[in-house]
Amino acid sequence: MRKKKKISPSVKIKQVELYLAGKASIHQIARKYGVACSTVEIWIVKYKAEGRTGLQQRKSCKKYSKELKEKAVREYLGGGVSLKTICTKYAISSPTPLRNWIKEYNAHGMLKSNSGGRMMSKTRKTTQDERLEIVHYCILNGKNYGDAAIRYSVSYQNVYQWVHRYEKLGIDGLEDRRGKKPGSVKPRTLEEELRAKVAQLESKNRDLQMENDLLKKLDELQREKRFR
Numbered sequence: 001m002r003k004k005k006k007i008s009p010s011v012k013i014k015q016v017e018l019y020l021a022g023k024a025s026i027h028q029i030a031r032k033y034g035v036a037c038s039t040v041e042i043w044i045v046k047y048k049a050e051g052r053t054g055l056q057q058r059k060s061c062k063k064y065s066k067e068l069k070e071k072a073v074r075e076y077l078g079g080g081v082s083l084k085t086i087c088t089k090y091a092i093s094s095p096t097p098l099r100n101w102i103k104e105y106n107a108h109g110m111l112k113s114n115s116g117g118r119m120m121s122k123t124r125k126t127t128q129d130e131r132l133e134i135v136h137y138c139i140l141n142g143k144n145y146g147d148a149a150i151r152y153s154v155s156y157q158n159v160y161q162w163v164h165r166y167e168k169l170g171i172d173g174l175e176d177r178r179g180k181k182p183g184s185v186k187p188r189t190l191e192e193e194l195r196a197k198v199a200q201l202e203s204k205n206r207d208l209q210m211e212n213d214l215l216k217k218l219d220e221l222q223r224e225k226r227f228r
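Taking this note's numbering, I'd label the letters of the sequence shown as residues 1 to 228.
It is worth saying that the hints were derived from the structure and are not from the lab.
Remember, it's a predicted structure, so these values are computed and weren't measured experimentally.
We put the beta carbon where it would ideally sit given N, CA and C, even for glycine.
A hint or two may mislead.
Once the Cα atoms are required to be at most 35 Å apart in a straight line, the calculated DSBU-like pairs of lysine-lysine come out as [stated by the list, open to error]:
#1 Lys84 <-> Lys14
#2 Lys66 <-> Lys143
#3 Lys48 <-> Lys103
#4 Lys125 <-> Lys89
#5 Lys103 <-> Lys168
#6 Lys32 <-> Lys84
#7 Lys63 <-> Lys103
#8 Lys32 <-> Lys103
#9 Lys62 <-> Lys23
Computed spacing ranges between beta-carbons, pair by pair [as the list claims (entries may be wrong)]:
#10 Lys216 <-> His136: 56 to 64 Å
#11 Asp172 <-> Leu68: 32 to 40 Å
#12 Asp176 <-> Lys62: 36 to 44 Å
#13 Ser10 <-> Arg31: 17 to 25 Å
#14 Asn141 <-> Lys6: 41 to 49 Å
#15 Leu132 <-> Leu214: 47 to 55 Å
Start from the sequences, fold in the hints, and give me the full structure.
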């Protein structure tokens, strides 16, 4: 595997300033130093976001507040804005941490503060009334699941599922039935009704089996008494 060329911070700064002054193109800089054009573009994004310090070596990762992350992710999920534009606007060091926030957020997470990239927390618990409010907000805003998720501090996946269930089953689809036994609640779909019936039949079968076992035991005890 070909090793990446190490370019000093001073060289990066000089080349970006030449580009911004219109004295060199991205392609020329990339070819001169044997790097990809996308690498030079990242230098430019960092410089625009933080000036020269953005291209200097750091002893630790830059930290970002929860509020900044939410604004950046919400703006990107809203559409029509590039990663580079958002990075420049919110002084994010490069598109990489922003991609990580979006990727992990869309995979059911919530953004956490004081982290440069891949730090997430579990979604919070919600009531049925809260879920209904979230669904209404999402539908009224063009089904922007990401925006609704950030606004109400829940996961992208949960918002998507709630909207889907609400459209299919109405408010009953927003009921939390985790931990409840099949047949103990009113079925909402044909599939749930069939599961409830199966659960009832299995319960009856268990009761009959227990009754048969008891009868056999009683019969054995009676026989023992007769032969004593």
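Outcome of the hint check:
With a C-alpha separation of about 20 Å, the suggested pair lysine 84 and lysine 14 falls inside the 35 Å cut-off, and the hint holds. A threshold of 35 Å between alpha carbons decides the hint, and for lysine 66 with lysine 143 the separation of about 23 Å falls inside it, so the pair holds. Taking the CA atoms of lysine 48 and lysine 103, the gap is near 24 Å; set against the 35 Å cutoff, the hint holds. Taken as a hint, the lysine 125 and lysine 89 pair is honoured in the structure, with Cα atoms around 33 Å apart against an allowance of 35 Å.
With a CA separation close to 28 Å, the supplied pair lysine 103 and lysine 168 stays within the 35 Å bound. At roughly 23 Å between alpha-carbon atoms, lysine 32 and lysine 84 fall within 35 Å of each other, so this suggested pair holds. At most 35 Å may separate the alpha-carbon atoms for a hinted pair to count; lysine 63 and lysine 103 meet this at roughly 18 Å. For the given pair, lysine 32 sits about 33 Å from lysine 103 by alpha-carbon distance, which is consistent with the 35 Å threshold.
Between lysine 62 and lysine 23 the alpha-carbon distance is near 31 Å, which keeps this suggested pair within the 35 Å criterion. Separation of lysine 216 from histidine 136 is about 59 Å and conforms to the stated range, judged on CB atoms against 56 to 64 Å. Between aspartate 172 and leucine 68 the beta carbon distance is about 39 Å. The supplied range of 32 to 40 Å therefore holds. Checked against the given bound of 36 to 44 Å, the beta carbons of aspartate 176 and lysine 62, roughly 39 Å apart, stay inside it.
In this structure, serine 10 and arginine 31 meet the distance hint of 17 to 25 Å, their C-beta atoms being roughly 20 Å apart. The supplied range of 41 to 49 Å is met by asparagine 141 and lysine 6, whose beta-carbon atoms lie about 46 Å from each other. A C-beta distance of roughly 48 Å is found between leucine 132 and leucine 214, which places it inside the suggested range of 47 to 55 Å.
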